[in-house]
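Chemist: Sequence positions in the sequence shown follow my numbering and run 1 to 183.
Possibly wrong hints are sitting among the right ones.
Straight line, CA to CA, 27 Å or less: simulated DSSO-like cross-link-like pairs of lysine-lysine [what the hints assert, rightly or not]: (1) Lys164 <-> Lys17; (2) Lys144 <-> Lys164; (3) Lys154 <-> Lys89; (4) Lys89 <-> Lys161; (5) Lys17 <-> Lys87; (6) Lys17 <-> Lys163; (7) Lys17 <-> Lys144; (8) Lys56 <-> Lys144; (9) Lys154 <-> Lys164; (10) Lys144 <-> Lys154; (11) Lys89 <-> Lys17; (12) Lys163 <-> Lys144; (13) Lys17 <-> Lys154; (14) Lys144 <-> Lys87; (15) Lys161 <-> Lys144; (16) Lys87 <-> Lys163; (17) Lys164 <-> Lys87; (18) Lys89 <-> Lys163; (19) Lys56 <-> Lys17; (20) Lys87 <-> Lys154; (21) Lys17 <-> Lys161.
Computed spacing ranges between beta-carbons, pair by pair [as the list claims (entries may be wrong)]: (22) Gln156 <-> Lys89: 16 to 22 Å; (23) Gly143 <-> Val81: 16 to 22 Å; (24) Asp116 <-> Lys164: 36 to 42 Å; (25) Arg4 <-> Gly70: 18 to 24 Å; (26) Val81 <-> Glu168: 39 to 45 Å; (27) Arg19 <-> Ser121: 14 to 20 Å; (28) Arg4 <-> Gly143: 16 to 22 Å; (29) Arg160 <-> Trp82: 32 to 38 Å; (30) Arg4 <-> Asp142: 17 to 23 Å; (31) Ser151 <-> Ser121: 35 to 41 Å; (32) Ser22 <-> His148: 25 to 31 Å; (33) Asp91 <-> Asp71: 20 to 26 Å.
Simulated from the structure, these hints should not be mistaken for lab results. Beta carbons: idealized from backbone N, C-alpha and C, even for Gly.
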Amino acid sequence: MSVREILLFPDRRLRMKAREVSEYSSQLAELAEDLLETMYAAPGIGLAATQLGIMKRIFVMDCSSEEEAGDPRVLVNPRIVWASEDKEKRDEGCLSLPGQFAEVTRPASVVMAYRDLQGESFEERLEGLWARCAQHELDHLDGKLFIHRISSVKRQIISRKAKKAVREASLNNSNPQKKKDGE
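Work out the full structure: start from the sequences and follow the hints.
Modeler: So this is what it looks like as structure tokens:
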């Protein structure tokens, strides 16, 4: 198990659509462990393989509250088979767009069909934060970010801020004197 580097916007790989998983092997289980470890270390509540540059249809999530025991989920080849007509508007953020948030409207509940790490099929009704997180991570597998679900004006503002943050981080990492002065 290892913590991996999360791709940051505007990395073009974040816009790529993931391929179906066809082989359920120990490598897939290792990827799931790495996804969970990376998600918890970030810290976050969900992470898709595409955010690590791996174009496989698998994501992990754990929306447990701090008072609850962890409830990590691994969803392979997920798809929404039903979505409520009731919509919810809530702030969303993303590990690939650190520090950026916007209100996104999504169905309040969904039924997600998926496979586990052994290839067994499941359907699960998700509500509240679990439903939002699953939809957000499924978007990643389809090459979409939450900023593609908001107005173009808000998207441009967040895009500029995120690109600036990536540039600044890159400059700080490549200039040891600047990094030393900032400590």
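Chemist: What are the numbers of the hints that this structure violates, sorted from low to high?
Modeler: 16 and 17
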